[in-house]
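Peer 1: Taking the hints into account, I'd like the entire structure generated from these sequences.
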Amino acid sequence: LDFIPLHAPVDLFVCMGMAGGAFGGNRGLRPIPPEKGIFPLDHLHECDAEKKEYLGCLKSSSNKSEQCRHLSKKYLQCRMAKNLMAKQDMSELGFSGVKELDSAGDKNKESLEH
Amino acid sequence: MLYYLTAVVFGMVGLTYAAVPLYRTFCQATGYGGTVQRKETVEEKIARHSESGTVTEREIVVQFTADVADGMQWKFTPTQREVRVKPGESVLAFYTAENKISAPITGVSTYNVTPMKAGVYFNKIQCFCYEEQRLLPGEQIDVPVFFYIDPEFETDPRMDGINNLILTYTFFKVSEENTTATSSSVPVQETS
Numbered sequence: 001l002d003f004i005p006l007h008a009p010v011d012l013f014v015c016m017g018m019a020g021g022a023f024g025g026n027r028g029l030r031p032i033p034p035e036k037g038i039f040p041l042d043h044l045h046e047c048d049a050e051k052k053e054y055l056g057c058l059k060s061s062s063n064k065s066e067q068c069r070h071l072s073k074k075y076l077q078c079r080m081a082k083n084l085m086a087k088q089d090m091s092e093l094g095f096s097g098v099k100e101l102d103s104a105g106d107k108n109k110e111s112l113e114h
Numbered sequence: 001m002l003y004y005l006t007a008v009v010f011g012m013v014g015l016t017y018a019a020v021p022l023y024r025t026f027c028q029a030t031g032y033g034g035t036v037q038r039k040e041t042v043e044e045k046i047a048r049h050s051e052s053g054t055v056t057e058r059e060i061v062v063q064f065t066a067d068v069a070d071g072m073q074w075k076f077t078p079t080q081r082e083v084r085v086k087p088g089e090s091v092l093a094f095y096t097a098e099n100k101i102s103a104p105i106t107g108v109s110t111y112n113v114t115p116m117k118a119g120v121y122f123n124k125i126q127c128f129c130y131e132e133q134r135l136l137p138g139e140q141i142d143v144p145v146f147f148y149i150d151p152e153f154e155t156d157p158r159m160d161g162i163n164n165l166i167l168t169y170t171f172f173k174v175s176e177e178n179t180t181a182t183s184s185s186v187p188v189q190e191t192s
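Protein chains in written order, with the UniProt record's numbering: chain F, 1 to 114; chain C, 1 to 192.
Don't read these hints as lab results, they were simulated from the structure.
Glycine residues also receive a C-beta, built at the ideal position from the N, C-alpha and C atoms.
Wrong hints could be hidden among the right ones.
Unchecked claim - Ranges between beta-carbon positions, derived for each pair:
1. T96(C) <-> A86(F): 20 to 26 Å
2. A86(F) <-> T16(C): 38 to 44 Å
3. T16(C) <-> A49(F): 52 to 58 Å
4. G37(F) <-> Y17(C): 57 to 63 Å
5. N83(F) <-> Q140(C): 19 to 25 Å
6. S96(F) <-> M12(C): 50 to 56 Å
7. A18(C) <-> E53(F): 49 to 55 Å
8. Y17(C) <-> D89(F): 39 to 45 Å
Peer 2: Next comes the structure, spelled out in structure tokens:
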């Protein structure tokens with residue numbers, strides 16, 4: 001396959017098109033279904049409070065995601081509770097080291113991941 | 001001679017049709033052009049790194065941009081401009097979508113990651129993409145994206161100097177419903 005180098009620019013453009021968007025979108029291509037799942041829309045705004053809390057935390061921590069993970073966990077748990085997300089163990093989603101704020105307000109974070 | 005030429009024509013046409021799935025396989029296998037790869041599932045990746053106690057140091061800034069296709073009358077913007085993350089962290093982010101007209105609109109979205117060679121390490125866990133989403137007239141909603149950057153990003157020399165990723169979502173219109181309700185005095189926009 002020694003002609004591959006010649007095809008490289010063509011391949012690049014085709015792959016960009018396949019990746020979804022370089023040349024005006026998915027015309028004619030069936031979109032690849034997501035790997036895990038899709039978030040249904042929260043039309044009834046059932047998890048808005050948790051969402052606002054998380055976004056507020058991001059703002060106050062200069063958008064550092066690490067500091068707000070306990071709130072993103074809370075948001076996803078809300079979604080699961082309202083059937084807006086398939087229920088699954090939070091550790092499977094990468095939250096194995098994250099604990100929520102307890103009643104005393106201390107953030108207790110085990111360093112499993114960090 | 002004629003048969004030979006005819007066979008060549010059919011062969012070429014056949015190759016053209018075969019090109020679509022072949023390119024898709026090629027793009028996914030190599031991650032070329034920013035195509036996101038999927039060999040190991042994200043959960044498997046998360047579990048593997050969790051067990052091996054992978055520690056990551058490098059902070060990456062993920063910026064968010066939003067696009068709508070021509071004729072798609074949604075206002076669509078990222079809710080936060082960027083997040084600062086470490087590889088191996090599962091991250092939540094939001095986009096805000098609003099239907100600006102007086103008819104329900106159904107849309108579908110796709111996403112892409114740049115720089116393209118970093119797309120290999122970007123794993124979407126869940127999002128609002130690839131499935132039709134319908135907004136009522138005037139409805140505004142925040143839609144979440146949940147993703148994970150593979151810790152192997154840190155050890156790949158090709159990723160040296162890449163500390164910014166841009167995640168772009170684009171919404172395309174699937175359909176717009178005609179409302180014949182007479183109470184609304186705003187004319188429904190017809191797509192040309």
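Peer 1: If a hint holds in the structure, say so; if it doesn't, say that too.
Peer 2: Taking the hints in turn, this is what the structure says about them:
no.: 1; hint: T96(C) <-> A86(F): 20 to 26 Å; verdict: holds, 24 Å
no.: 2; hint: A86(F) <-> T16(C): 38 to 44 Å; verdict: holds, 39 Å
no.: 3; hint: T16(C) <-> A49(F): 52 to 58 Å; verdict: holds, 53 Å
no.: 4; hint: G37(F) <-> Y17(C): 57 to 63 Å; verdict: violated, 31 Å
no.: 5; hint: N83(F) <-> Q140(C): 19 to 25 Å; verdict: holds, 22 Å
no.: 6; hint: S96(F) <-> M12(C): 50 to 56 Å; verdict: holds, 54 Å
no.: 7; hint: A18(C) <-> E53(F): 49 to 55 Å; verdict: holds, 51 Å
no.: 8; hint: Y17(C) <-> D89(F): 39 to 45 Å; verdict: holds, 43 Å
Checked against the numbered hints above, the structure breaks only hint 4 and satisfies the rest.
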